[in-house]
Amino acid sequence: MNRLKSQIIKGLEQSLRFDGRKPFDWRKIEVEYGISKNAEGSARVKFGDTEVFAGIKMSIGKPYPDRPEEGALMVDAELSPMSSPEFETGPPDIKAIELARVVDRGIREAKTIDMKKLCLEKGEKAWMISIDVVTINDAGNLLDASSLAALAALKNTKIPRLEGNEVKYGELTDEALPLTKEPIAVTVLKIGNHFIVDPLVEEEEAFEAKLTVTTTDGIICAMQKGGDGVLTVGDIEKMIDIGMKKAEEIRKHLKGSK
Amino acid sequence: MAYPKRLDGRKFNETREIEAKAGVIKRADGSAMFRIGKTVAYAAVYGPRNLYPKFLQNPREGIVRVNYAMMPFSSKGERVRPGPSRRSKEISMVTEKALLPVLHLEEFPNAVVDVFIELPQTDAGTRCAGICAASIALADAGIPMKDLVAAVSVGRVDEQVLVDLNYDEEAFDGKVADVPLAVVQRTGHISLLQMDGEIEKGQLINAIKLGQETLKKVFEAQKKALKEKYHTEGGEE
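For the record, the sequence lines run as chains D and L. First residue of the first sequence: 1, per my numbering; consecutive thereafter. First residue of the second sequence: 1, per my numbering; consecutive thereafter.
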């Protein structure tokens, strides 16, 4: 066991972490809406020093052939080299791809957006929604912060005016997106025999296994296990309970999307 | 078509509202936010740090790499595809050249200083805002510097010479010239000069002089941002 890990475990035995938090404490969470006026919707989320931006761009396209009556959703994430000395320029690496896919699955599988309402003409014309997440500062737990930022940006979105097939960017209508659910992702880390949420960068270097649990209305809509270590069924049960309970605390920060 | 009054009511030598802040990104060695009107730039500096692959290293002096990027949702029109474009690569390059003259590269041979610029919201003047943010971030990172650099676009709309064109002015239906300009504070020397549109020599020289004058205010904003950061930090400790 490396020194960092043994230090972290030593602290956790007394329910203490490097920044003074208890295992299940969040850092200060801040959600700010409308931070990019050219996006159809946008938000900035901070978990302590961790900071991410998310923005929505809408366009008109042809529905996918297997879903002719639905709009489409795309999620992209950039681990900007601005946000950590570990991140590099260049095409998205596997960490950025995983981040985008976990955010995507949470929103998609919870049926957050009523995709049928985004279809304007069956098989021909529908709204395409792009969610882009860009990290600004990585002080740990980019995943939960990114999921929350993506959802907050969706809540902040107003549909732009349409003239035929041309989107009149910058001319937003009063119409919000047809949102039905608010999925919240909570990542629970296992370090030694201890569980924690909202990890710091140091804790992300020392964990054995983690589970990201995305839930809405008491239902699990997406999960992702990470790390090189394994989990028992008992661990998973505990982690889901923690994830669901802690999600409700995050949800409180979502009020007032204006 | 004459341009007697600016579309947003500014004076011809007046920039849009400016806001500058240093030390906004904790992981970075230095960082800054610079806003001019609706254009917002973040800059983060990492280094001097080791440069790999090794053949890129220069034993005489350090190198600076700039990476400029617009966030995909930052533009007035369609989504901007993430990743480098011809445009962003060129802007990265000219930004690098704009900053180079004030850096003491000989102080960190074999090493690299990385400057990352990201724009969450844009309304013309992005490369200039990026340079202003980067200059603050480099100073915040403690990179040895001779001076600050600031940048603003100057140019003409119809027969009028003016500073800091916004998007609507760039798109003005008439004769327009857009001249991004970076200036070194104490010498007034010019380290970035580009131009597109049409302009006569006399107008251009007038525009550049107007830019040099206007940038004095921008330098003040940059220095204020740096002082504020170190003032608060000193107060807390």
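Derived from the structure by calculation, the hints contain no laboratory data. Source: prediction; values computed, not measured. The reader is advised that the hints may include incorrect statements.
Short derived list, chain L residues pointing at chain D, Cβ under 10 Å [said to hold, decoys possible]:
#1 K54
#2 Q57
#3 A69
#4 K76
#5 Q121
#6 R186
Straight-line Cα separation of at most 27 Å, DSSO-like style, residue types lysine-lysine; simulated pairs [as the list claims (entries may be wrong)]:
#7 L:K175 / D:K168
#8 D:K117 / D:K95
#9 L:K5 / D:K46
We put the beta carbon where it would ideally sit given N, CA and C, even for glycine.
To see whether the hints hold, each was checked on the structure:
1. K54: violated, 17 Å
2. Q57: Hint on Q57 of chain L: violated, closest Cβ of chain D at ~17 Å, above 10 Å.
3. A69: holds, 8 Å
4. K76: Hint on K76 of chain L: holds, closest Cβ of chain D at ~5 Å, below 10 Å.
5. Q121: holds, 4 Å
6. R186: violated, 29 Å
7. L:K175 / D:K168: holds, 26 Å
8. D:K117 / D:K95: violated, 33 Å
9. L:K5 / D:K46: Judged against 27 Å, a Cα distance of about 42 Å means the pair is violated.
The structure fails hints 1, 2, 6, 8, 9 (numbered hints given earlier, in ascending order).
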